[in-house]
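*Asks:* Listed here are the chains, written in short residue letters.
2 protein chains.
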Amino acid sequence: MELQPLLVLGLPSIFPAFETLNSHKYIFLKAFSSKLPLLQFLATKNVAPSSIRAILCDPRQALTVDILGLLPAVGFVLTTTAGMDHIDLSECRRRGIQVVSIGSLAADDVADMAIGLLIDVLYKISANNRRVRKCVASKPLNFTMAPKLGGKRVGIIGLGSIGGEVGKRLEAFDCKVMYHSRNEKPFVPYHYYSNVVDLATNCDALVVCCPLTKQTRHILNREVMLALGKDGVIVNVGRGPLIDEKELVHCLVQGEIGGAGLDVFENEPRVPNELFALDNVVLSPHAGAHTKESCQVKCELVAASLEAFFATKPRISVQPVIEERHFYPSFECLPASSGEPAYA
Amino acid sequence: MELQPLLVLGLPSIFPAFETLNSHKYIFLKAFSSKLPLLQFLATKNVAPSSIRAILCDPRQALTVDILGLLPAVGFVLTTTAGMDHIDLSECRRRGIQVVSIGSLAADDVADMAIGLLIDVLYKISANNRRVRKCVASKPLNFTMAPKLGGKRVGIIGLGSIGGEVGKRLEAFDCKVMYHSRNEKPFVPYHYYSNVVDLATNCDALVVCCPLTKQTRHILNREVMLALGKDGVIVNVGRGPLIDEKELVHCLVQGEIGGAGLDVFENEPRVPNELFALDNVVLSPHAGAHTKESCQVKCELVAASLEAFFATKPRISVQPVIEERHFYPSFECLPASSGEPAYA
Numbered sequence: 070m071e072l073q074p075l076l077v078l079g080l081p082s083i084f085p086a087f088e089t090l091n092s093h094k095y096i097f098l099k100a101f102s103s104k105l106p107l108l109q110f111l112a113t114k115n116v117a118p119s120s121i122r123a124i125l126c127d128p129r130q131a132l133t134v135d136i137l138g139l140l141p142a143v144g145f146v147l148t149t150t151a152g153m154d155h156i157d158l159s160e161c162r163r164r165g166i167q168v169v170s171i172g173s174l175a176a177d178d179v180a181d182m183a184i185g186l187l188i189d190v191l192y193k194i195s196a197n198n199r200r201v202r203k204c205v206a207s208k209p210l211n212f213t214m215a216p217k218l219g220g221k222r223v224g225i226i227g228l229g230s231i232g233g234e235v236g237k238r239l240e241a242f243d244c245k246v247m248y249h250s251r252n253e254k255p256f257v258p259y260h261y262y263s264n265v266v267d268l269a270t271n272c273d274a275l276v277v278c279c280p281l282t283k284q285t286r287h288i289l290n291r292e293v294m295l296a297l298g299k300d301g302v303i304v305n306v307g308r309g310p311l312i313d314e315k316e317l318v319h320c321l322v323q324g325e326i327g328g329a330g331l332d333v334f335e336n337e338p339r340v341p342n343e344l345f346a347l348d349n350v351v352l353s354p355h356a357g358a359h360t361k362e363s364c365q366v367k368c369e370l371v372a373a374s375l376e377a378f379f380a381t382k383p384r385i386s387v388q389p390v391i392e393e394r395h396f397y398p399s400f401e402c403l404p405a406s407s408g409e410p411a412y413a
Numbered sequence: 070m071e072l073q074p075l076l077v078l079g080l081p082s083i084f085p086a087f088e089t090l091n092s093h094k095y096i097f098l099k100a101f102s103s104k105l106p107l108l109q110f111l112a113t114k115n116v117a118p119s120s121i122r123a124i125l126c127d128p129r130q131a132l133t134v135d136i137l138g139l140l141p142a143v144g145f146v147l148t149t150t151a152g153m154d155h156i157d158l159s160e161c162r163r164r165g166i167q168v169v170s171i172g173s174l175a176a177d178d179v180a181d182m183a184i185g186l187l188i189d190v191l192y193k194i195s196a197n198n199r200r201v202r203k204c205v206a207s208k209p210l211n212f213t214m215a216p217k218l219g220g221k222r223v224g225i226i227g228l229g230s231i232g233g234e235v236g237k238r239l240e241a242f243d244c245k246v247m248y249h250s251r252n253e254k255p256f257v258p259y260h261y262y263s264n265v266v267d268l269a270t271n272c273d274a275l276v277v278c279c280p281l282t283k284q285t286r287h288i289l290n291r292e293v294m295l296a297l298g299k300d301g302v303i304v305n306v307g308r309g310p311l312i313d314e315k316e317l318v319h320c321l322v323q324g325e326i327g328g329a330g331l332d333v334f335e336n337e338p339r340v341p342n343e344l345f346a347l348d349n350v351v352l353s354p355h356a357g358a359h360t361k362e363s364c365q366v367k368c369e370l371v372a373a374s375l376e377a378f379f380a381t382k383p384r385i386s387v388q389p390v391i392e393e394r395h396f397y398p399s400f401e402c403l404p405a406s407s408g409e410p411a412y413a
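Residue numbers (my numbering), protein chains in the order written: chain A, 70 to 413; chain B, 70 to 413.
Warning: the hint list may mix true and false statements.
Identical copies look the same in the list; a pair holds intra-copy or inter-copy alike.
As the list claims (entries may be wrong) - In silico DSS-like links for lysine-lysine, alpha-carbon gap of 27 angstroms or less:
hint: 1; residue 1: 299; residue 2: 221
hint: 2; residue 1: 114; residue 2: 94
hint: 3; residue 1: 237; residue 2: 361
hint: 4; residue 1: 361; residue 2: 221
hint: 5; residue 1: 299; residue 2: 315
hint: 6; residue 1: 299; residue 2: 114
hint: 7; residue 1: 221; residue 2: 237
hint: 8; residue 1: 361; residue 2: 203
hint: 9; residue 1: 361; residue 2: 299
hint: 10; residue 1: 94; residue 2: 299
hint: 11; residue 1: 315; residue 2: 361
hint: 12; residue 1: 361; residue 2: 245
hint: 13; residue 1: 315; residue 2: 203
hint: 14; residue 1: 221; residue 2: 254
hint: 15; residue 1: 94; residue 2: 361
hint: 16; residue 1: 114; residue 2: 237
hint: 17; residue 1: 99; residue 2: 361
Simulated from the structure, these hints should not be mistaken for lab results.
Next comes chain A alone, as it looks inside the complex (with noise of 0.2 angstroms):
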């Protein structure tokens, strides 16, 4: 069998697996370990341009117009992630291809990682085990007194399957959930707000967690951010632009705001480091999504999907067997009529 060239940008978090998996199948091209323009990344490979067919690609490297422009025969670009930002999905589907995301299969990993950080916010669970490791063995183990978690009215922007998935999750604590999306959704018994202002002053936590576009860049402003208030605390696990990080960080600083979980910042890998002495604060290294049992399943699903498109050329259409009844898989192919991806 002929080995397939498999343009590979940034590094998905599934690659060193999916690679020893599958190197008698493809000739991976990996672009996110050369510092040479792509032209002549792929002269020092032997690879024409226009052989490469599909991509591999994730949110570390954006995969631009410019890139596109170099490769005449792209017609399949995957992504690992659930948000697409990243992909120039205009310029795809101007051109017809199909871009596929199977990130939504790691939505329950994500709306661990929110309820993690909730918890950890209020509870000064990462705090405290600091002060703990720093603490005298003789001295009484003080601490000051949390705001409880059930009771507490969550809003959650972007009820996706990730959103989906963190609900679920707080109905189980009491919480009070409601959300903020672009349209309300049928059959859903959170309350619905079409304003994310409306939904700050009414909520004591937001969790963050819908794709990040033009229109949601900084959906949370310094507006929304003192509409939560000074014991309001948000949860990020969607994209770092998602939020205009300066004004978090001065809210923060400030106490204009009670604390933050954040799992994504807006230009990783930079944490804005006036974080670092705050206490009501946790930083995670854009770590939610990312399980060992989810990557198995992704890598197999990744496969399955190159193999389709390799073996049949036109669209995609594959409707993966996921066994595990917690996946979600959302196949969201391009072209379609929007711009967007159809989750938030």
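Please build the complex by placing chain B on the supplied structure of chain A, with the hints as guidance.
*Replies:* Same frame as chain A, now just chain B:
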């Protein structure tokens, strides 16, 4: 109205607030603030030991047979914790002293802490938080892939008010919940193991929340830990001596179990400093049951309980009205037929 003397042992978390609200009703005899022997302390306050009819106590100071022997008129002992291991229940029973715990009021708070610790250990939230804070801004935020919480088999040791709340939450994370307690519970959907080793053998994680008694001391011994295995996680929100801490430290250091989230320790406030270097361990200063909201409700219940006791003199039979639907007050009054509290 004549002020009643109220002996306060340990420093109940509600105490500062309770004292402020009730200084017009009680002479607070704060034995926890004195290093004098009890009789000498009472002499400095001009209080006759025989005038003390009620005690408010806390695990930080044991209510022993010796202390009870100095106080012939005591008829009522109140603790704000779920555990009653700091009270000599046998002696109270022998003397017909009523013992009331309102700790199960905060069962949901403790359960929140248990879930927070479990997610933190699995997803390494605290450890990553520490790493991010030490990180150089320009370096990528790497992390190791976590085991997934969804689908994990979690064993609850002690399915009382706290254990029940833990189970409810774990279900929302799609965990497979199983349990051990003294007896199998009717109407509980979780699989029951009469033997803790069998439970551990069939689990990925154990959450310990049973009361500390002679029978449950070191219920998690080396055999149980080895049965749980090298990927297994232990969370303890009950009492430190439920776990053989020396063996726990050994198993963690040697990698014979996967990790631990500990809100309690065998010899508080001492925390084994062998654990300080481990990233798979989260250490919490016995903070689980202490939220602002629960504190307020506890204050009201303690006030009502004491008022009822001092008004009627005979045994208390307060049925508190709790408006928050998530509180499950269980006034576990002794004397009862068994020497153990009824909730495990």
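*Asks:* Take the hints in turn and mark each one as holding or not.
*Replies:* How the hints compare with the structure:
1. 299 to 221: within (15 angstroms within a copy, 37 angstroms between copies)
2. 114 to 94: within (17 angstroms within a copy, 85 angstroms between copies)
3. 237 to 361: both (23 angstroms within a copy, 25 angstroms between copies)
4. 361 to 221: The answer is between: 13 angstroms across copies meets 27 angstroms, while 32 angstroms in one copy does not.
5. 299 to 315: within (17 angstroms within a copy, 43 angstroms between copies)
6. 299 to 114: Answer is neither: 55 angstroms inside a copy and 43 angstroms across each miss the 27 angstroms cutoff.
7. 221 to 237: Cα proximity of residue 221 and residue 237: in one copy and across copies (14 angstroms, 17 angstroms).
8. 361 to 203: between (32 angstroms within a copy, 25 angstroms between copies)
9. 361 to 299: between (37 angstroms within a copy, 16 angstroms between copies)
10. 94 to 299: neither (55 angstroms within a copy, 35 angstroms between copies)
11. 315 to 361: neither (34 angstroms within a copy, 31 angstroms between copies)
12. 361 to 245: Answer is between: at 18 angstroms across copies they meet the 27 angstroms cutoff, but 32 angstroms inside does not.
13. 315 to 203: So residue 315 and residue 203 pass the 27 angstroms test across copies only (20 angstroms; inside, 31 angstroms).
14. 221 to 254: within (22 angstroms within a copy, 31 angstroms between copies)
15. 94 to 361: within (23 angstroms within a copy, 59 angstroms between copies)
16. 114 to 237: neither (48 angstroms within a copy, 55 angstroms between copies)
17. 99 to 361: within (22 angstroms within a copy, 53 angstroms between copies)
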